[in-house]
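**Student:** So you can see what is in the structure, the chains are spelled out below.
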Amino acid sequence: AQSVTQPDIHITVSEGASLELRCNYSYGATPYLFWYVQSPGQGLQLLLKYFSGDTLVQGIKGFEAEFKRSQSSFNLRKPSVHWSDAAEYFCAVGARSGGYQKVTFGTGTKLQVIP
Amino acid sequence: NAGVMQNPRHLVRRRGQEARLRCSPMKGHSHVYWYRQLPEEGLKFMVYLQKENIIDESGMPKERFSAEFPKEGPSILRIQQVVRGDSAAYFCASSSPMGGREYNEQFFGPGTRLTVL
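Protein chains in written order, with the numbering used here: chain F, 1 to 115; chain H, 1001 to 1117.
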C-alpha cells in the first residue's frame, strides 16, 4: 500500500523568500503525485500533478515540483512567496489498486508567511 | 461544466441525530469517493462507489456510517446517531470510468463541514 510523509508540520517564511515543502512517498511502482492547497475552511485546490514525463512539473500560482525517483520525493517549490500563499499544503499519491485508483494524502504542512 | 457539488456546505447536528451529506459528481463521472478530514489531519479515504454499487468501503467506520450512490440522484453519506468525534470535513471526489487507462484523476468537491454539538 502507498503512503505519504510530509515531515514538516509548520513552516514559516518571510514574504519574498523562497519556499520548499518536502514530500516523500512509498509505492512499489510509478506513482501519480499531486500537491493540493487548502485555505482555512475551504476545499482543495490542485496546484500541480505528475503522471509521467518531465520530472520537473510546473503548476499554478508559480509553484513547481520535482519528482526524484531515487529519493522517493516530490518536493514543492516556489522562488518567491506571497502573503496570499499562507495555507495548508497536502501532498498525495495515487495508485491503481484492485482495478481503480486510490489516493493517499499526507498529513499536511501549514505555511505561515510573515512580512 | 460544473464541478463536483456537495451540500450542505456546513451542517450542525446534536449528538444522536442523523447527518446526511450529498455529493453530485461532475457530468459524465460515474465513480464517487468519500474522504474525511479530521481537525488538524489530512484526508482519509472512506468509501468508493460506482452507480448502485459499493466497491471499497475499507475506510468506513463499521457502525453508524453508510453510503449509497443510486442510479438517479446524488451520492449520500449517512451518519446515524452522530457523536462529537464525527465532527470533521467530508470531501467527495468523482472520476470517469477507467476505460483502460492506467490512472484517472479524481476531482474534489468543496466539502461539507459537520459540527456535532
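Keep in mind that a hint or two might mislead.
What the hints assert, rightly or not - Selected chain F positions facing chain H (Cβ under 7 angstroms, derived; list incomplete):
1. Tyr25
2. Tyr27
3. Ala29
4. Leu48
5. Trp83
6. Thr107
7. Gly108
These aren't lab readings, by the way, just hints derived from the structure by calculation.
Keep in mind the model is a prediction, meaning the values are calculated, not measured.
Ideal placement from N, C-alpha and C gives every residue a C-beta, glycine not left out.
**Student:** Any hints this thing doesn't respect? Which numbers, in order?
**Tutor:** Structure breaks hints 1, 2, 3, 4, 5.
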